[in-house]
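**Q** Here are the chains, one letter per residue:
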Amino acid sequence: MNTQIDTQIDLQWLKACQIEDAIENGGVCLKLNDEQVALFYFARRNEWYATQNECPHKRQMILSRGMLGSLGDTPKVACPFHKKTFALDTGECLSGDECAIKTYPVKVENGTVYIGMTA
Amino acid sequence: MKNDFLSEKTVIMERKKIVIIGNGMVGNKICEKLKHKSDILDIIVFAEEPIRAYDRVHLTDYFKVSSIEELFLSKKEWYAENNVKIHLNDPIVDVNRSKKEVRSLQGLIVPYDYLVFATGSAAFVPPIPGVEKEGVFLYRTIEDLDLIKAYAAKVKKGTVMGGGLLGLEAAKALVDLGLEETAVIEFAPRLMPRQIDDSASQLLQTKLAAMGLSCLLQKSTSQLLGEERLMGIAFQDGSSIETDLLVISAGIRPRDELARKIGLAIGERGGIVVNPHMQTSDPAVYAIGECALVNDMIYGLVAPGYEMAEIAAEHILGEEKSFKGFDMSTKLKLMGVDVASFGDPFISEPYARTILLEDRNKGVYKRLNVSTDGTRLLGGILVGEATSYNMLLQMVNNSMPLAEHPELLLMSEQGQNKSASSGLEALPDGALICSCEGVTKSQICDAVINGNCENADGVKKCTKAGSGCGGCVPMVKDLVNYTMKQQGKYIRSTICEHFDLSRQELYDLIKIHELKSYDQVLDALGRGHGCEVCKPLVSSLLASLWNEMILSKGNDVAQDSNDRYLANIQKGGTYSVVPRIPGGEITPDKLIVIGQVAKKYKLYTKITGGQRIDLFGAHLNDLPLIWEELIAAGFESGHAYGKALRTVKSCVGSTWCRFGLHDSVSFAIQIEERYRGLRAPHKIKSAVSGCIRECAEAQSKDFGIIATEKGWNLYVCGNGGSKPQHALLLAADVDSETCIRYIDRFLMFYIRTADPLTRTATWLNKMEGGIDYLRNVVVEDSLGMGETWEQDMQLLVDSYRCEWKVAVEDPEIRKRFVHFVNAPEERDESVRFDTMRGQKKAADWNLKTY
Ligand code: SRM
Ligand SMILES: Cc1cc2nc3c(=O)[nH]c(=O)nc-3n(C[C@H](O)[C@H](O)[C@H](O)COP(=O)(O)OP(=O)(O)OC[C@H]3O[C@@H](n4cnc5c(N)ncnc54)[C@H](O)[C@@H]3O)c2cc1C
Ligand code: SF4
Ligand code: FES
Chain C
17 MNTQIDTQID LQWLKACQIE DAIENGGVCL KLNDEQVALF YFARRNEWYA TQNECPHKRQ
77 MILSRGMLGS LGDTPKVACP FHKKTFALDT GECLSGDECA IKTYPVKVEN GTVYIGMTA
Chain H
-6 MKNDFLSEKT VIMERKKIVI IGNGMVGNKI CEKLKHKSDI LDIIVFAEEP IRAYDRVHLT
54 DYFKVSSIEE LFLSKKEWYA ENNVKIHLND PIVDVNRSKK EVRSLQGLIV PYDYLVFATG
114 SAAFVPPIPG VEKEGVFLYR TIEDLDLIKA YAAKVKKGTV MGGGLLGLEA AKALVDLGLE
174 ETAVIEFAPR LMPRQIDDSA SQLLQTKLAA MGLSCLLQKS TSQLLGEERL MGIAFQDGSS
234 IETDLLVISA GIRPRDELAR KIGLAIGERG GIVVNPHMQT SDPAVYAIGE CALVNDMIYG
294 LVAPGYEMAE IAAEHILGEE KSFKGFDMST KLKLMGVDVA SFGDPFISEP YARTILLEDR
354 NKGVYKRLNV STDGTRLLGG ILVGEATSYN MLLQMVNNSM PLAEHPELLL MSEQGQNKSA
414 SSGLEALPDG ALICSCEGVT KSQICDAVIN GNCENADGVK KCTKAGSGCG GCVPMVKDLV
474 NYTMKQQGKY IRSTICEHFD LSRQELYDLI KIHELKSYDQ VLDALGRGHG CEVCKPLVSS
534 LLASLWNEMI LSKGNDVAQD SNDRYLANIQ KGGTYSVVPR IPGGEITPDK LIVIGQVAKK
594 YKLYTKITGG QRIDLFGAHL NDLPLIWEEL IAAGFESGHA YGKALRTVKS CVGSTWCRFG
654 LHDSVSFAIQ IEERYRGLRA PHKIKSAVSG CIRECAEAQS KDFGIIATEK GWNLYVCGNG
714 GSKPQHALLL AADVDSETCI RYIDRFLMFY IRTADPLTRT ATWLNKMEGG IDYLRNVVVE
774 DSLGMGETWE QDMQLLVDSY RCEWKVAVED PEIRKRFVHF VNAPEERDES VRFDTMRGQK
834 KAADWNLKTY
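Those protein sequences? They're chains C and H, same order as listed.
Counting the first sequence from 1 gives a position; this note's numbering is that position plus 16.
With this note's numbering, letter number 30 in the second sequence gets 23, and the count goes up by one each step, no holes.
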């Protein structure tokens, strides 16, 4: 699980969904604060990640339908459109020169998934 | 304008001003070279043609692509970005050598420090009465080709005067343009008289005849017949032929008219005389390419022209390099006929010993000329099979010692392949592999070892090798593979960082260990956490092996996006829906249902190239609803999203067509229903035609079937797409049952052994032994696998279920078709559409506003 500091200024923990709504080793899309957020449950590594849903390459709302994987030790997601890949922990683009994607902290408490967003 | 140039001159006194006349292949090359070598040059180009330099060597391709874009030698912006001034459509008409100024047709006067002639050559037009008639053409520029194409569309019979390299290329182009009859007339007693001998020519004629080209030898033209329009050709021997169109290709003449006018030294039979540094009789004036006469020779090829550009550029910049003559070996660029000659093709007793191979059965003729002491190769001719051309040429050019049995060099492809790779080792580091760009063996090896180039394309980018005439590409490929092997890099093609196995090894291991899910496979055979390369590949293998519902066992997240949602993703994130319409046959009722569903869910509809209907623009949330309605009306998934069987096209066949021999529709439906849902390394397509008119285009399919008087002909490994290839005959006149048995075996063999994402055509191209080997395996059952494969296939056929039916009935799977998990009813409102011709279309990329 990501260790994030929830004392960060302005960080709001928004209730996202129940654990069973998430997909093992895959992503789902959430509507939070009128933003589209992609939530990934990387079950093989027992890790949760959240990023923006928009792929910066052609600005498509799609990353939640992407495929998870690893590059060395880095967890990543590949966009379904043109297979650009992004690191899930840092948001960095791992293929080509697309800009990085936003990432959000995730925590799981009592079967509920929360995503930290700045208000 | 004039003042502009004068003031420019005063400002840049220190800089050197170079004017280049001609923007053909060599004129373009010297611009590149000069720019590459120095920054303090002002280059001004004058071109007679209205467009910038294009690849004349591949001029004939223009008929195929019909767009000049692919032939341009430089990017559109290159000249501007590099500050090279280019005046198109404005030839130089005069030069004042004492003032060092050129004058163009439009009246520009431009001073120069150095002047370069790169005016090339023009087709030689023999002084025959009637050459001015309508219907007589040359073959040198894009304009020529445009004229020929337009005229050919209106006439039936074409003729080419001249049976040399260029003439034959032009003649084949006429055949391809669809002229009903095409002939080549040649003055000499054989074709390509400067390159090949009589025996080779005879064989070549047979091959050309098979392509629809007839050859008239020893014909000397006396007159062109017809009033204003050409109608025929009369020969000196009194005979004549009818023809509507004539292309003259009787040799080239250097464009030296301007040089002559301004008093430069000109050779006796034309050409601007230059010294080994490419300087003309005026040291400030250079000549390069086909207009230059060097060592008393005009070099009518691009590679020596490029070398001249290099030498002139160096010399202008103060380096002393000289032209040392150039190899004139050539390969004929005709689809379907291999002809090559290299070194000295004609040298014979007592100066050389000749080794001949003449196989009329296979249509192969090869001649090697070996030095009298048997140690060196001096030259030779290859017809019918020229794969060893590059290697033999290298042996001549580098005086490589011959092995004990030089006759082995004439042997079949397999033998050659062996000698080719051992030959690569013996090749000296400095051996010139790409003569157009002057790239050596060691530069290519270096690009592989230190430049991380792992294929011929990479090497091309890195070194430019293979970007000229392209003749060396096969050898570059061999060298890349050879070097990678040396480096231990390329032992086999493994999948990705998570699996150290080839696809075939993985297939076998999954089968032996009976693994059923991606995670199982990764845990048992791989490492790490997978990626977008191995996940779809393993998923495809699992589907090919077990044919379980592809979204079960947690495999959904290991499927490529299209497979995961059983639909093709489109721009904007919506999906397409393609119901199966076996054989392209559909009832009016079903058509109505498609229309109703499309209306209800606001889908764009289009008839596909595969004889079915595609419905585009479905929201993820709507997919299960749409399919529920389609399934209720009797439709099934069309697997347009999978690497799986797509369509089996049919022609209407004997039920209606007056030519139909059998019921091609019924057979197509039977075939499509048998293999529907079958997962393979790539998509597979098929078609059935009711007779040889081939309205279903079966010969462009992975497997295609054509009715004959006695049964069916089965063709395999055809491909459309970007590199079309005709399918080859696997079995003739077989009955329906045998046909299906062969297809079972063929498909299982393909599924088991092909590399990922390899269509059947490419798979066959890489197969040693080619179609004959494949026929042995499938028809003769040489591997003894026939029965196993038929059983394996039957298993897959029996376990078929419509994926969409399973999906809509399984609540767990169905739950995944929502855009927001926390707002399942809501669709993605960021999706945008435009309208066009009364239907919707996806909004363009990037234009999305929120
Ligand atoms: C819909 C259709 C075009 C049309 O409007 O007619 C089409 C559309 C697509 N084609 Fe095609 N192809 C269609 C007929 C063809 C044909 C013609 C044919 O089958 O007779 C060809 C050439 C024949 C062949 O395959 O040999 C063809 C050669 C390709 C290729 C190149 C394959 C190759 O070997 O080079 C691709 C790319 C690929 O598969 O990797 C491709 C890929 C695609 C994809 C799947 C691209 C993609 O991944 O999004 C398109 C998506 C369709 C969709 O979303 O539903 N399509 N495509 C045709 C669907 C036929 C059908 O009913 O299933
Ligand atoms: C159909 C065809 C197939 C060929 N196949 C091969 C092959 O397989 N292998 C091979 O090595 N070679 C081949 N060649 C030959 C090759 O194309 C030439 O060797 C090469 O183009 C020569 O380049 P160049 O720049 O000297 O002449 P060109 O490419 O002819 O360029 C000369 C340019 O100068 C222009 N010009 C002339 N006078 C003036 C003037 N006064 N002012 C301004 N501009 C002027 C002309 O309009 C022309 O554009 C082929 C040629 C043809 C036509
Ligand atoms: S291929 Fe033959 S049988 Fe089929 S429609 Fe064409 S002409 Fe008729
Ligand atoms: S839109 Fe994501 S990779 Fe192109």
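Please keep in mind that the hints were generated in silico from the structure rather than gathered at the bench.
Ideal Cβ positions, reconstructed from N, Cα and C, are used throughout, including at glycine.
Treat each hint with caution, since some may be false.
As the list claims (entries may be wrong) - Part of the chain H face toward chain C, derived, beta carbon under 10 Å:
no.	residue
1	Ile259
2	Thr487
3	Asp493
4	Asp512
5	Gln513
6	Ala517
7	Gly521
8	Cys524
9	Lys808
10	His812
11	Asp821
**Q** Would you mind marking each hint as holding or not holding in the structure?
**A** Each hint, compared with the structure:
Given the 10 Å rule on beta carbons, the hint for isoleucine 259 of chain H is violated: about 55 Å separates it from the nearest Cβ of chain C. Hint status for threonine 487 of chain H relative to chain C: violated, with the closest Cβ pair at about 16 Å, above 10 Å. The beta carbon of aspartate 493 of chain H is not positioned within 10 Å of any beta carbon in chain C (closest approach about 15 Å), and the interface hint is therefore violated. A distance limit of 10 Å between C-beta atoms decides the matter here; for aspartate 512 of chain H the minimum to chain C is near 7 Å, and the interface restraint holds.
For glutamine 513 of chain H, the shortest C-beta to C-beta distance to chain C is roughly 12 Å, which exceeds 10 Å, and the interface hint is violated. A hinted interface residue such as alanine 517 of chain H counts as satisfied when its beta carbon comes closer than 10 Å to some beta carbon of chain C; here the least separation is about 14 Å, so the hint is violated. Interface restraint check: glycine 521 of chain H against chain C, minimum CB-CB distance 5 Å, threshold 10 Å, status holds. The restraint placing cysteine 524 of chain H at the interface with chain C holds, with a minimum CB-CB distance near 3 Å, inside the 10 Å limit.
The interface hint given for lysine 808 of chain H is met, as the beta carbon of that residue sits about 9 Å from the closest beta carbon of chain C, less than 10 Å. For histidine 812 of chain H, the interface hint holds, since its Cβ comes within 10 Å of a Cβ in chain C; the closest pair sits about 6 Å apart. The closest approach between the C-beta of aspartate 821 of chain H and any C-beta of chain C is roughly 6 Å, which is under the 10 Å cut-off, so the hint is satisfied.
The earlier numbered hints that this structure contradicts are 1, 2, 3, 5, 6.
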